[in-house]
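If you read the protein sequences in the order shown, they are chains A and U. Here the numbering used here is used: position 61 in the first sequence is 61, and no number is missing along the way. Here the numbering used here is used: position 66 in the second sequence is 1066, and no number is missing along the way.
It is worth saying that the hints were derived from the structure and are not from the lab. Heads up, some of the hints might be wrong.
[To be verified] Pairs of lysine to any residue, SDA-like flavour, derived with a Cα cap of 20 Å:
#	chain 1	residue 1	chain 2	residue 2
1	A	Lys93	A	Ser69
2	A	Lys250	A	Arg177
3	U	Lys1031	A	Ser13
4	U	Lys1031	A	Leu18
5	U	Lys1031	A	Asp20
6	U	Lys1010	A	Thr6
7	U	Lys1065	U	Pro1052
8	A	Lys211	A	Thr223
9	A	Lys211	A	Lys236
10	U	Lys1010	A	Arg2
11	U	Lys1031	A	Glu7
12	U	Lys1010	A	Phe4
13	U	Lys1031	A	Leu9
14	A	Lys211	A	Arg14
15	A	Lys28	A	Asp121
16	U	Lys1031	A	Ser5
17	A	Lys28	A	Leu9
18	U	Lys1010	A	Met1
19	U	Lys1031	A	Gly19
20	U	Lys1010	A	Leu9
21	A	Lys241	A	Leu224
22	U	Lys1031	A	Arg2
23	A	Lys28	U	Val1082
24	U	Lys1031	A	Glu27
25	U	Lys1031	A	Leu17
26	A	Lys28	U	Val1027
27	U	Lys1031	A	Thr6
28	A	Lys57	A	Glu24
29	U	Lys1031	A	Asp3
30	U	Lys1031	A	Ala31
31	U	Lys1006	U	Arg1078
32	A	Lys28	U	Ser1030
33	A	Lys93	A	Glu104
Owing to the predicted nature of the structure, the values given are computational and were not obtained by experimental measurement.
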Amino acid sequence: MRDFSTEELDRYSRHILLGDVGVEGQEKLLAARVLIVGAGGLGCPAALYLAAAGVGKIGIVDNDVVEISNLQRQIAHFTDDIGRSKVESARDKMRQINPGLDIETYQLFLEAANIREIIRDYDFVIDGTDNFPTKFLVNDACVMENIPLSHGGILRFDGQTMTIVPGQSSCYRCSFRSPPPPDAVPTCSQAGVLGAIAGMLGTIQAAEALKFITGAGSLLTNTLLTFNAKTMAFRKINLKKQDDCPVCGKKPTITELVDAEQTTCDLK
Amino acid sequence: MTETMKAAAKKDCRGVSCPMNMVYTKVGLSKLTTGDVLEVLLDDGPPINNVPGSVQREGHEILSKHQLEDGSWQLMIRKGVVKK
Chain A
1 MRDFSTEELD
11 RYSRHILLGD
21 VGVEGQEKLL
31 AARVLIVGAG
41 GLGCPAALYL
51 AAAGVGKIGI
61 VDNDVVEISN
71 LQRQIAHFTD
81 DIGRSKVESA
91 RDKMRQINPG
101 LDIETYQLFL
111 EAANIREIIR
121 DYDFVIDGTD
131 NFPTKFLVND
141 ACVMENIPLS
151 HGGILRFDGQ
161 TMTIVPGQSS
171 CYRCSFRSPP
181 PPDAVPTCSQ
191 AGVLGAIAGM
201 LGTIQAAEAL
211 KFITGAGSLL
221 TNTLLTFNAK
231 TMAFRKINLK
241 KQDDCPVCGK
251 KPTITELVDA
261 EQTTCDLK
Chain U
1001 MTETMKAAAK
1011 KDCRGVSCPM
1021 NMVYTKVGLS
1031 KLTTGDVLEV
1041 LLDDGPPINN
1051 VPGSVQREGH
1061 EILSKHQLED
1071 GSWQLMIRKG
1081 VVKK
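Could you build all of it, start to finish, from the sequences and the hints given here?
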């Protein structure tokens, strides 16, 4: 067993006190590696909570710089960060919360050519992307590399999330076969989003990662959790792993990754 | 004191308030194997009122509890099966 310093025992005391986490669970967290895809609305709260929880290695991917319109919901970025790289801004906040962690930044677009190599270094992936092609790319790459992930999406007042354990539970493509046609679904920049729901959903994703690592509770596997913040109605929809899924089914037709066309509208 | 109550380890949590006394107790227990005994010294008041119940809720057994001359308490805990 690892010898915790007095400072670590103080810092993580509320985890250690939890029956389902305890000393052993905190050790697992400190040894765990989680990759966050997107340092935006979902990735920011997830990053802060994972850093606070003491996840030993955190990777964060994003190619963008902080803009003033991000600040309404991307909670790790501050006004002084406008113009800075999002991954560096998020890394600095994680370090301020918990200086002892190994934080890896990837200022790039995830693509078919680079994603598998990047995710291979991690135990769990949080999808906080803002576009369908990347969501499918992350799902397919995680299935191929056998890495569990949390899918998440938000728009207007709505959020949805599911947790995927490849080979065991329904993947994103089991239920949603392919990206919707361009402009069938508006982006946050077109349709708007209530800032606080980014925190609601991103922290659910962080909690799923912490549960996966520690083994506490049961995951949102084979379950799509949706909520609408106008009514605060939460709903769980049961999903099934599909034998004919093109990526995780019995006879997969997607056996290598290809970059889809960017189908999101580029309105600002 | 019977042979089975011989402590495999000891945690002196006198002067340590709640909840850190429970944190240190859990750290002590985590280093033992099921069936081993941990001796914990706790302050009178909230510590002795809270820690034994928390320890039991996690599946461990309180073998004995008695007050020492300085007013603090000696708690003997047998480590239970770790719940998953």
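Is the straight-line distance between the alpha-carbon of lysine 28 of chain A and that of leucine 9 of chain A 20 Å or less?
holds (14 Å)
Agreement of lysine 1065 of chain U and proline 1052 of chain U with the hint, judged by alpha carbon distance not exceeding 20 Å:
holds (9 Å)
20 Å Cα cutoff - pair lysine 1010 of chain U, phenylalanine 4 of chain A:
holds (17 Å)
Given the hinted pair lysine 1031 of chain U and leucine 9 of chain A, is their alpha-carbon gap at most 20 Å?
Distance of about 15 Å is within 20 Å: holds.
Given the proposed pairing of lysine 28 of chain A with aspartate 121 of chain A, does the C-alpha separation stay at or below 20 Å?
holds (16 Å)
Pair hint outcome, lysine 93 of chain A versus serine 69 of chain A [Cα-Cα no greater than 20 Å]
holds (19 Å)
Do the alpha carbons of lysine 1031 of chain U and aspartate 3 of chain A lie within 20 Å of each other, as the hint requires?
Answer holds: lysine 1031 of chain U to aspartate 3 of chain A is near 10 Å, not above 20 Å.
Can you confirm whether the C-alpha distance between lysine 1031 of chain U and glutamate 27 of chain A stays at or below 20 Å?
holds (13 Å)
Lysine 1031 of chain U and aspartate 20 of chain A: Cα distance at most 20 Å?
holds (17 Å)
Below or equal to 20 Å on CA atoms is what counts here, so check lysine 1010 of chain U against arginine 2 of chain A.
The hint holds at about 18 Å.
Can the restraint linking lysine 93 of chain A and glutamate 104 of chain A be considered satisfied, given a maximum Cα separation of 20 Å?
holds (13 Å)
Checking one constraint from the list: CA of lysine 1031 of chain U to CA of leucine 17 of chain A, max 20 Å. Satisfied?
holds (15 Å)
No hint from the list above goes unmet by this structure.
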